[in-house]
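Let the sequences and hints guide you as you build the complete structure.
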Amino acid sequence: MTEHRLTRDDFLIRDDVIFFNHGAFGACPKSVFECYQAWQLELERQPVDFLLRRGAPLMADARARIADYFNVPSDEIVFVTNATTGLSRAVRSLSLQPGDEILTTDHEYGAVNRLLDFVADRTGAQIVRSYVRLPYRDDARFVDDLFADATAKTRAIVISHITSPTSLIFPVQRICERARAEGILTIIDGAHAPGQLPVDLKAIGADMYSGNFHKWLCAPKGSGFLHVRPEHHASIDPLEISHGVYDGSGFVERNEWQGTRDIAAFLTAPAAIDYQRERNWRAVRAECHRLALQAQTRLCNRYQQTPFSENQFAQKVTVPLPQCDVDLLRRRLYDDYRIEAPVGKFADQCEIRISVQAYNTSAEIDLLIAALDDLLDESSKQAIASM
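Counting from -16, one number per residue, gives the positions in the sequence shown under the numbering used here.
Just to be clear, a hint being listed does not mean it is correct.
DSS-like, lysine-lysine: derived pairs with alpha carbons at most 30 Å apart [said to hold, decoys possible]: (1) K185 with K204; (2) K328 with K204; (3) K204 with K136; (4) K13 with K136.
Treat the hints as calculated values from the structure; they're not laboratory data.
Here is the structure:
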């Protein structure tokens, strides 16, 4: 298999941008985007017919395809606009009392941390953030360390499948198995997993799992899902109360109809699945992982940083950098070199997150490394001059 398994022409990314930020909002292939626009056109041609007559069966068909992809029954899954929305429904459904605890880690996404703090403030529950040792290479040790912070008051574990700030793959199946044995509910943030990893929700066994289609599955923006095991369906209240909420309505009815909205992105998710299956995406992911590993190895060697174990990330890798002005570096990378990549700090460590997708190449990694060399060298000289 050649490195150029797909041409850049398959995607709509601008030719003048080197895009290493697929993990933020994703990028949609042209054929998938055309399907999306076709559904939007169908909606506009006869909105009442499309939404009130055809909408429910079309959504049911799309949901069935999605459920099959994740190996769960279709009545256990609903479409949401993004993982944050699904997680909001899940976490806010918890029946919490003052003193109850939600266990999470110090690697969670910023919006999820705000959600947890919001719920804690209104219920009196406590958020326990388990410290994750870096780098870690032993999943069993990771799980033991996490559950060492669980107590008799722990009601739920909220944790990422793939973390946003550090790109680490957490052993969620092991976590869910142990939590179930200890009577603790599990809510998984799967924002970055679908399309980047094979996701078998039945095997993972989480009580609730929310993820995105518009990131690594390459579906249109505003498409995600929430999966909930049947025993928890009655506890999940929609964030919006609409016509689907009535005596006797089920999980899908209550959570799917939210008034007037464009459902085209949801209906396009199966096309994104087809796009990847038709192109042997398992091999594409492996090639992208190889490039991400190459980037990490070269940068860590260059700046004497400790790399993550290669089995702890997939297509997205977070690489430590020397101390620098992260805002300036991020801005200069884009303004001067047209490289789109998030640069920030985590636990006082400067870092760059590199997302590698089918349209990226090793030549682009060369350009990124050269740009970082120039900018970090310039930054070091300025720091020395100011001393």
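Right, here's what the structure says about each hint:
1. K185 with K204: Holds, because 26 Å separates the two Cα atoms, which is no more than 30 Å.
2. K328 with K204: Between K328 and K204 the Cα gap is close to 27 Å, so the pair holds against 30 Å.
3. K204 with K136: Distance ~38 Å between K204 and K136 Cα, so the pair is violated.
4. K13 with K136: violated, 50 Å
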